[in-house]
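When you get a sec, could you build the whole thing from the sequences and use the hints?
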Amino acid sequence: MSWYTIRHSVGTYMTREEDLAAAQAQLRHKSPETTMRYDQAPVENRRGRSTM
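Just so you know, we're using numbering that gives the first Met the number 0 here: the sequence shown kicks off at 0 and counts up by one.
Incorrect hints may appear among the rest.
Heads up, simulated SDA-like pairs for lysine to any residue below, C-alpha to C-alpha not over 20 Å straight-line [said to hold, decoys possible]:
| # | residue 1 | residue 2 |
| --- | --- | --- |
| 1 | 29 | 6 |
| 2 | 29 | 12 |
| 3 | 29 | 17 |
| 4 | 29 | 11 |
| 5 | 29 | 9 |
| 6 | 29 | 3 |
| 7 | 29 | 19 |
| 8 | 29 | 18 |
| 9 | 29 | 8 |
| 10 | 29 | 0 |
Ranges between beta-carbon positions, derived for each pair [stated by the list, open to error]:
| # | residue 1 | residue 2 | range |
| --- | --- | --- | --- |
| 11 | 31 | 0 | 24 to 30 Å |
| 12 | 30 | 3 | 24 to 30 Å |
| 13 | 1 | 25 | 16 to 22 Å |
| 14 | 20 | 0 | 23 to 29 Å |
It is worth saying that the hints were derived from the structure and are not from the lab.
Glycine residues also receive a C-beta, built at the ideal position from the N, C-alpha and C atoms.
As structure tokens, this is what we get:
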């Protein structure tokens, strides 16, 4: 397991469980577009979001 694998797992987890802003802060990305690469969860599967 590499450092990149751990970092990518944390980024994916943060976008799924929190939001992109939390993941961006955790990963210290300057650009939101960089953090969006970690966003693989559908909106309806994110915690705290309602589905309609």
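Verification of the hints:
| no. | hint | in the structure |
| --- | --- | --- |
| 1 | 29 x 6 | holds, 16 Å |
| 2 | 29 x 12 | holds, 19 Å |
| 3 | 29 x 17 | holds, 18 Å |
| 4 | 29 x 11 | holds, 17 Å |
| 5 | 29 x 9 | holds, 17 Å |
| 6 | 29 x 3 | holds, 18 Å |
| 7 | 29 x 19 | holds, 12 Å |
| 8 | 29 x 18 | holds, 16 Å |
| 9 | 29 x 8 | holds, 19 Å |
| 10 | 29 x 0 | violated, 26 Å |
| 11 | 31 x 0: 24 to 30 Å | holds, 27 Å |
| 12 | 30 x 3: 24 to 30 Å | violated, 18 Å |
| 13 | 1 x 25: 16 to 22 Å | holds, 18 Å |
| 14 | 20 x 0: 23 to 29 Å | holds, 27 Å |
Hints 10 and 12 from the earlier list are contradicted by this structure; the remaining hints agree with it.
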